[in-house]
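For reference, each letter of the sequence shown is one residue, going 1 to 190 in the working numbering.
Some clues are possibly wrong.
Stated by the list, open to error - Lysine-lysine pairs mimicking BS3-like chemistry, simulated, CA-CA at most 30 Å apart: (1) K54 x K90; (2) K165 x K54; (3) K90 x K165.
To be verified - Computed beta-carbon distance windows for the label pairs: (4) P144 x R68: 33 to 41 Å; (5) D42 x R96: 28 to 36 Å; (6) S37 x T113: 40 to 48 Å; (7) S34 x P97: 14 to 22 Å; (8) T154 x R41: 15 to 23 Å.
Just so you know, these hints were derived from the structure itself, not from any lab. Given the structure is predicted, the values throughout are model-derived calculations rather than measurements. Just so it is clear, CB atoms sit at the ideal spot from N, CA and C, and this is done for glycine as well.
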Amino acid sequence: MQRRSFLYSVLAVAIAALLIAVPLALHSRAQSSSTGSPPLRDLVQEYAPVVMPKATAYSVFTTEPSTRHQVWYRISGGDALFRQRLRVFKENARPRPQNQLPPTSELRQELTTNTPTSWFVFPAETGIITYYFDGDHRTSPNGPWEDAFGLKVTRTRFANGNLYKLGFEDQASLDDYNDLEVQVAILQPA
């Protein structure tokens, strides 16, 4: 009888370990850092900037499940009065409504600076995937993080993808949209 209960205990532990390990193994790999830049080629069109006064985040997404894509991003700088934070989310789903972010379980990176970084790269993959770039700020070192007051987006189209320049604003007066500046590239074959 003791032997049987011991076997059941071992079996229960093994099942619990599998239930934890399998989702972690299937979870998409994290992005890696790159010293290069995204291999965008053949400029097609530069679009006028779009100002979004109440936006707190921006999403880029795929629409064709069978088309392979790869997303690159980096902080390119910023001239801020307050501390800045960039949060990057990745969700295997269509885009959510404006300013609605995925759960924190979908958070892939958090950077608390506006100092320029090298490029970060997600692995190339297929599927309907949305990437969210959320800009926040805080007015004191220990204060809470607050959403950006607005966002300016400039899109440049290339033969094999798009480059987005995001500028987040940390003041309600919406003065310059340069407090946290982020570049995002999504590469897709033509």
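To see whether the hints hold, each was checked on the structure:
1. K54 x K90: holds (22 Å)
2. K165 x K54: OK: K165 and K54 at ~17 Å, within 30 Å.
3. K90 x K165: holds (18 Å)
4. P144 x R68: 33 to 41 Å: holds (40 Å)
5. D42 x R96: 28 to 36 Å: Holds, since D42 and R96 (Cβ atoms, about 32 Å apart) stay within the stated range.
6. S37 x T113: 40 to 48 Å: Check failed, 20 Å falls outside 40 to 48 Å.
7. S34 x P97: 14 to 22 Å: violated (32 Å)
8. T154 x R41: 15 to 23 Å: Check passed, 19 Å falls within 15 to 23 Å.
This entry does not satisfy hints 6, 7, going by the numbered hints stated previously.
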